[in-house]
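> Each chain, letter by letter, is given below.
Protein chains: 2
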Amino acid sequence: MGGDHGVVTTVPAACQLLKETSKIKLILVGQHDVIVDALRKQKMTVGGRLLIQHASEIVEMHESPALALRGKKDSSMRVTINLVKDGTANACVSAGNTGALMATARYVLKTLPGIDRPAMCTILPTVDTHTHMLDLGANVDTNAEHLFQFAVMGSVLVSAIDDIESPTVGLLNIGEEAIKGNEQVKQAAKLLESSHINYFGFIEGDDIYQGKVNVVVCDGFAGNVALKSSEGVAKMISHYLKKSFNKNLMTRLAGLFAYGVLKQFRDQMDPRRYNGASLLGLRGIVIKSHGGADAFAFKCAIKEAMIEVEKNVPERLEKELQSVLVEQRAV
Amino acid sequence: MGGDHGVVTTVPAACQLLKETSKIKLILVGQHDVIVDALRKQKMTVGGRLLIQHASEIVEMHESPALALRGKKDSSMRVTINLVKDGTANACVSAGNTGALMATARYVLKTLPGIDRPAMCTILPTVDTHTHMLDLGANVDTNAEHLFQFAVMGSVLVSAIDDIESPTVGLLNIGEEAIKGNEQVKQAAKLLESSHINYFGFIEGDDIYQGKVNVVVCDGFAGNVALKSSEGVAKMISHYLKKSFNKNLMTRLAGLFAYGVLKQFRDQMDPRRYNGASLLGLRGIVIKSHGGADAFAFKCAIKEAMIEVEKNVPERLEKELQSVLVEQRAV
Numbered sequence: 001m002g003g004d005h006g007v008v009t010t011v012p013a014a015c016q017l018l019k020e021t022s023k024i025k026l027i028l029v030g031q032h033d034v035i036v037d038a039l040r041k042q043k044m045t046v047g048g049r050l051l052i053q054h055a056s057e058i059v060e061m062h063e064s065p066a067l068a069l070r071g072k073k074d075s076s077m078r079v080t081i082n083l084v085k086d087g088t089a090n091a092c093v094s095a096g097n098t099g100a101l102m103a104t105a106r107y108v109l110k111t112l113p114g115i116d117r118p119a120m121c122t123i124l125p126t127v128d129t130h131t132h133m134l135d136l137g138a139n140v141d142t143n144a145e146h147l148f149q150f151a152v153m154g155s156v157l158v159s160a161i162d163d164i165e166s167p168t169v170g171l172l173n174i175g176e177e178a179i180k181g182n183e184q185v186k187q188a189a190k191l192l193e194s195s196h197i198n199y200f201g202f203i204e205g206d207d208i209y210q211g212k213v214n215v216v217v218c219d220g221f222a223g224n225v226a227l228k229s230s231e232g233v234a235k236m237i238s239h240y241l242k243k244s245f246n247k248n249l250m251t252r253l254a255g256l257f258a259y260g261v262l263k264q265f266r267d268q269m270d271p272r273r274y275n276g277a278s279l280l281g282l283r284g285i286v287i288k289s290h291g292g293a294d295a296f297a298f299k300c301a302i303k304e305a306m307i308e309v310e311k312n313v314p315e316r317l318e319k320e321l322q323s324v325l326v327e328q329r330a331v
Numbered sequence: 001m002g003g004d005h006g007v008v009t010t011v012p013a014a015c016q017l018l019k020e021t022s023k024i025k026l027i028l029v030g031q032h033d034v035i036v037d038a039l040r041k042q043k044m045t046v047g048g049r050l051l052i053q054h055a056s057e058i059v060e061m062h063e064s065p066a067l068a069l070r071g072k073k074d075s076s077m078r079v080t081i082n083l084v085k086d087g088t089a090n091a092c093v094s095a096g097n098t099g100a101l102m103a104t105a106r107y108v109l110k111t112l113p114g115i116d117r118p119a120m121c122t123i124l125p126t127v128d129t130h131t132h133m134l135d136l137g138a139n140v141d142t143n144a145e146h147l148f149q150f151a152v153m154g155s156v157l158v159s160a161i162d163d164i165e166s167p168t169v170g171l172l173n174i175g176e177e178a179i180k181g182n183e184q185v186k187q188a189a190k191l192l193e194s195s196h197i198n199y200f201g202f203i204e205g206d207d208i209y210q211g212k213v214n215v216v217v218c219d220g221f222a223g224n225v226a227l228k229s230s231e232g233v234a235k236m237i238s239h240y241l242k243k244s245f246n247k248n249l250m251t252r253l254a255g256l257f258a259y260g261v262l263k264q265f266r267d268q269m270d271p272r273r274y275n276g277a278s279l280l281g282l283r284g285i286v287i288k289s290h291g292g293a294d295a296f297a298f299k300c301a302i303k304e305a306m307i308e309v310e311k312n313v314p315e316r317l318e319k320e321l322q323s324v325l326v327e328q329r330a331v
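First to last, the sequence lines map onto chains B and U.
So for the first sequence, my numbering puts the first residue at 1; every next one is plus one.
So for the second sequence, my numbering puts the first residue at 1; every next one is plus one.
No wet-lab data here; the hints were simulated from the structure.
There could be a bad hint or two in this list.
All copies of an identical chain are treated as equivalent in the list; a pair is satisfied when it fits inside any one copy or across any two copies.
Claimed, not checked - Straight-line distance between alpha carbons at most 20 Å, and here's what the computed DMTMM-like set of lysine to aspartate or glutamate pairs gives:
hint	residue 1	residue 2
1	K110	E315
2	K85	D74
3	K110	E320
4	K180	E193
5	K311	D162
6	K235	D267
7	K242	D267
Please read these numbers as outputs of a predicted model, since none were measured by experiment.
Construct the entire structure; sequences and hints are all you get.
Here it is in structure tokens:
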């Protein structure tokens, strides 16, 4: 029940989703009284498909991951991940501190065999449909082998979620030619070329949104920069669009005529629809919601968890990783 | 006279600019007959403020920089940079192969004392005004000292061009907290904190377009990814906006009513206005235009060169670097 807004957004999101679908059972983890209070405002009571698990501590948004991991064993984050570990829950969804979530999930759940570091993966819109990108900031100093592992994980996720047998995988680089890029990207390309992954080649930042590939692989620094720069540009464009229509009486009138179109356009571009990044490579499903998510966005993150549970993502990933390990031993 | 379109865009750009301002004299460098032909189409003749310098060779857009540097000593790119070196020209503007331009400029002009590697810097729009970002891809494996040099160069450029006495400088990172980021970014922060640069701190991708700082410093990989991802998102948004207004008769009608507003909005967001990246840190002014620039965009790149000549950017940079060297020796 973390994030920038806490129960104010997470509880309404949970309540809305329970009304929308009967396929889910939710355990709200956090301070019992606070959650009960928030549920009362939603005119919901505990029981049936809605449970509460008390957790006394809170990991602050800017707390050090190491301190949170060592010092707060009864945080809502830790308790939720424990529920996944012992099989009580099928997935954990959190809007809390990303670093602490990653460190705790890695410590409690452990990584799958063949995975050194988990990676964060999100869905992004493209001109035609959508793509997936990883890593988004879980790892900053990565080598070629890590990038290769990200490619395997992204490929399995997209294969499971989008029902694509062999998704195309592109490596994010600063040019499409083989001579360009840094060392780890060039070496990762070699690893991918000699694997059974459907490797497309290098792609550049603008290709992400052209939908050139189903999976975009990059280190966490580049991925985070790409994602946040994109968010920044989108916000700026929206700012100028609003400003243009609010300039004077005439432009406001034009805005009224175009209202329906602009609204549909905004809905289509709504970043909240893409909320919910997967922490891939763990022995369990962990979804990270944007810290500033509202109820609608947080609900999208829970839905992402539902899909990954339905599609057995960790099991499929484990199976695929075994065949990759066999492939690597054969080389 | 390079780039994706060659004289088809560069010559009209030159002719338009000569008509717009009497403050500039242009030397068109390339294959003489081809340029004369292109000038004829513009009803322009050589003489006065318009000269031609013949160069027999062409550096292809995907040619290796090393091969271009060694093998094509009479390329338009090389000849132009020679003109800057010998003082015949005050600046070089090219839409050609970026890597070859950088390698040739560095070899012929040399870097300023205190600069290990030149960096590419461009202007970017923000919600209020604009910002500058460097490096954009000239350097991929940078250390903290390089990032510090980029900060000095960006600061001097913005100070000269925007008349800001002490521009704010931000380091692009994946979080604002000191514990986040990779090693070189953390070390660069320390160097900047103990310098006389007006160091703001870490910024994230979305802060670029919020205009949090006057200068955004990053390694070339991150900078290129940020820039191209931003371009990609902007293109995608424009695609969806067009599509929304072209859906049916009613939406087209709404588009007609909103035409003036949408046109003004598009003009304001026009990326061509920001064309022309500076290769900073050289003993001379070299401006790189986007390869796919049209005449309007290429004209903007020439204007950028004009401003840097007027403002004596390399001289100001050399002076600043001397004081930085003195400051470093004192530590």
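> A separate judgement is required for each hint: does it hold in the structure or not?
Do the hints match the structure? See the list:
In this assembly of identical chains, K110 and E315 lie within 20 Å of each other by CA distance solely inside one copy; the values are 14 Å within and 57 Å between copies. Only within a single protomer do K85 and D74 lie at most 20 Å apart by alpha-carbon distance; the minimum there is 15 Å, versus 68 Å between protomers. For the homomeric pair K110 and E320, the shortest alpha-carbon distance inside one copy (17 Å) is at most 20 Å, but the shortest distance between copies (52 Å) is not. Taking the shortest Cα distances, K180 and E193 sit within 20 Å of each other inside one copy (16 Å), while across copies they are farther apart (32 Å).
Taking CA atoms no more than 20 Å apart as the test, K311 paired with D162 passes inside one copy only; the shortest distance there is 10 Å, against 55 Å between copies. In the homo-oligomer, the alpha carbons of K235 and D267 lie at most 20 Å apart both inside one protomer (14 Å) and across protomers (17 Å), since each shortest distance falls under that limit. Proximity of K242 to D267 under the C-alpha cut-off of 20 Å is found in both arrangements, the shortest distances being 15 Å within a copy and 15 Å between copies.
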